[in-house]
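Enquirer: Here's the letter readout for the chains.
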Amino acid sequence: MSHDGPHAKLIYMANQIAKFMESKPHAEGVAGLSSHINDFWEPRMRRHLFEVLDAGGQGLRPLVLDAAPSIRRPAEAA
Amino acid sequence: MKDFIIPDRDFGTPAAKSKQMVTLNIDGFDVTVPEGTSIMRAAAEIGISVPKLCATDSVDAFGSCRLCLVEIEGRNGTPASCTTPVAPGLKVHTQNSKLKQLRRGVMELYISDHPLDCLTCSANGDCELQDMAGAVGLRDVRYEAIETHFKPKNNSGIANPNYIPRDDSNPYFSYDPQKCIVCSRCVRACEEVQGTFALTIEGRGFDSRVSFGMKSDNALASDCVSCGACVQACPTATLQEKSVIEIGTPERSVITTCAYCGVGCSFKAEMRGDELVRMVPYKHGKANRGHSCVKGRFAYGYASHKDRILNPMIRDSINDPWQEVSWAEAMEFAANRMKGIIAKHGRHSVGVITSSRCTNEETYLVQKLTRGVFMNNNTDTCARVCHSPTGYGLGQTFGTSAGTQDFDSVEETDVVIVIGANPTDGHPVFASRLKKRLRKGAKLIVVDPRRTDMVDSPHIRAAHHLALTPGTNVAVVTALAHVIVTEGLFNEAFIRERCDWDEFQDYAESVSQPQHSPEAVQMLTGVKAEEVRAAARLYAMGGNGAIYYGLGVTEHSQGSTTVIGIANLAMLTGNIGRPGVGVNPLRGQNNVQGSCDMGSFPHELPGYRHVKNDNVREIFESLWGVKIDNEPGLRIPNMLDAAVEGTFKGLYCQGEDILQSDPDTKHVSAGLAAMDCVIVHDLFLNETANYAHVFFPGSTFLEKEGTFTNAERRINRVRKVMAPRNGYADWEVTQMFAQAMGANWAYTHPSQIMDEIALTTPSFAGVNYAMLEEKGSVQWPCNEKVPDGTPLMHVEGFVRGKGKFINTEYVATDERTGPRFPLLLTTGRILSQYNVGAQTRRTENVVWHDQDVLEIHPHDADNRGIKDGAFVRLASRSGETTLRAKVSDRVNPGVVYTTFHHPDTQANVITTDYSDWATNCPEYKVTAVQVSPSNGPSEWQEEYSAMASRSRRIAAAE
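Those protein sequence lines, which keep their order, are chains E and U. Just so we're aligned, residue 0 is where the first sequence starts under numbering that gives the first Met the number 0, counting upward by one. Just so we're aligned, residue 0 is where the second sequence starts under numbering that gives the first Met the number 0, counting upward by one.
Which residues of chain E face chain U? A partial, calculated answer using Cβ under 10 Å:
(1) Lys8
(2) Leu9
(3) Tyr11
(4) Met12
(5) Phe19
(6) Glu21
(7) Lys23
(8) Pro24
(9) His35
(10) Asn37
(11) Trp40
(12) Glu41
(13) Pro42
(14) His47
(15) Pro73
(16) Ala74
Calculated from the model, a selection of chain E residues having no Cβ within reach of chain U, i.e. all distances over 12 Å:
(17) Gly55
(18) Gly58
(19) Leu64
(20) Asp65
(21) Pro68
(22) Ser69
Hint data in this document are derived by calculation from the structure and do not stem from the laboratory. Quick reminder that beta carbons are idealized off the backbone N, C-alpha and C, glycines included.
The following block holds chain E by itself, in its conformation from the complex:
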């Protein structure tokens, strides 16, 4: 994967999950993707993902954008 941009790796990882979830019915895919990220991504990673999302989500597959509202926004760093 090319690592251009600060969060290229995270974008890539989110898109990889999306590619699997895309084989499911849309609603199930959205739920699957958001719960996967909520369950497995440490807050730092989710924070970076939200930086990408908040900046328009460039480079993310549509399913990631659709799932974004149900991804948990991490609390501020402890």
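Dock chain U against chain E, hints included.
Expert: Coordinates of chain U only, in the frame set by chain E:
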């Protein structure tokens, strides 16, 4: 060799499995045994040992030594009791004057061609020939030894053509033909137990000799895999461990568990004082049933290797030499650094890596350290880089990541699919059990890019070898499902009863689409459609179907998807929930199952319970008196990313060498170099320790109490046979460190840690040391509902309720070949070496494999002007290295293969940071590479080697 310490009785012939019982009378005592039992074994059951030489209960009866003769009333002659089965009402006599005379005559003949050097013989006190001479009352040998096999020269001083000198070529055992009585136990053990067929009997009559392979071969040059089965079977000093020759006989033994692969063989560590004389596979070990491989049986010398570090060491910077300090100083230094980091960068800036080489108890403590003392969930383990996709895939479909069977199950299998696993090298003792079943008629399908030994070896041939292009597992597995569904071969009754029928229908519709057909994907996978169809039909219709898989499945960007696909296949065909079937991940490390069970993953507390669940956290919070973080922590690759980014600063790494074993070495080293405190807790200054500030010396499995959990979910005891050379067992070291960090831990024995695990984790609720002492071992879940443990999973229904079919869409990896990197590299293991080689490289095992080599197809080699044995440069977009080429048609054109056992090869400089979509398990198995002729080590190898030797300096004591 006969057992003489804890008497493991030898019943002479294997147990019969019949349910039909037969009663007979032996020497006036009635005995009832299963039909098919030999008279010898029946006698042994009531404590009567019929004299014998060629019989032993690990192999079938042979009837050659004629020592075990008995008389049966109403039958003629004196039949051999080993080959004569019991029958109802028989009256057998094992001892009378006729039998005594016959036996004495037989022994007299044996002894007439055997040296009488018992006192100086290495088998003195441990020799069945000696015992039998005593048992039959041999007092005199009337024959003069003229023509013999044991005298180097005959009586006139001329060289004896029958004399064969001792063969010491194998580093661990010697073969001394002069002591041989040609009982064939070794030949039969090699054949029946190990399945290698390296030994044979050459010649006939008086010329009969045991021979390793051809006459010109010696033990090392032959096909021998040094499993030790022949040494075990030998009744004399003919095949003998060199350690016994050197040390003498052991005087006590301790039953423990091997610390190499996930098979988890039980061994008897045979001791004299605190010196380990030999490791002998334990007959009653339920994983190995008395068998072993070269690693577990012989490769334990690393425990006393000079490279072992025995004192704690510290240093300010990784550029400084190490300084040996006391344990107290090391603890203070490490704790101060860690506390400093936490104070400055917050509690999420540190974490741990638990070891899959250490015990359950030790692993539990390490994750407890991060959760209860560092106050975060930053814990991970090497399962991240091997079977984490198994956890995800089987968890989603079946409801638990657990492998479904015990190893005994293979004895009832009719069709075996081996996917992405090389059991003869990676899990040799399981491979022997599998091969035994295959020789009895079970069919085999191998899915592997490389022609492994399972595909074609003596008396074993796979019905189908699907030699797929690396990276196309999902396409092949989905095509198999396509055939099963579209040809109507699925088990509708099973699916209706056990799975969600609606989900199945969605799945069936999806998988039936033409793009999943074998014909549609054959260009992609490189596997002929007809082969795929035939394999699918065989698996679906061939009887009990079992799938065994390894890292060739998981270590891909679609690793989790393939695991799901495998689970789908088992559910489609109803191959779940009874003996002989199932989905069986072959786990890499001795305790990788256990380390996962113990909550090593950053999202799960012990027992696979997510940290987000309040009720689960409460169990631990109330016991530990802390507040546990409810957010998942960092996985290993994420830790390294965070380290490079500057938010992760401190790591306690127990018994794992992430620098060598994890992908994209340059990224790993950059991450480690960016940390302020790396604590390595290991036996040796491993590669990761080059970047460490604190080194805690570790203890070996011989030096501590604990438990390992093998691939069958079997919890086996590890027992201390000698004091820790470094002073402390690893659990004690972790505890001292936790105490230095302010924790109030006060365990005095690992059994207390297991009690805490049982108290907090329902699947372990019934486990404790007293129970393990009594039962030997137990497979979890083990609790009130299943007090004896669970050999088979999903018997009544799936753990999650209904089995869940999930669509598996093939997504090509982004690691693709192109003009710069036209070949695909895949990686694997070799029998004699283990993982990163830290242990096995420090044993004589290096005689079999002293360097990693690159297997390349003759076609690709020719194109590049590469000759067999030449140095080649192996380059990917991540990095390059050099190693020697081995031209071989085991790999297809376009594919190259190597192992990763040697640090100077640094195969992981080549591998990329692509990883499984669900778990970040790295894609070791597919890397686009170029291979070209080379003159020697790459720049990276030279730089790294210089850096490593600089980094390993230890300052002289003042």
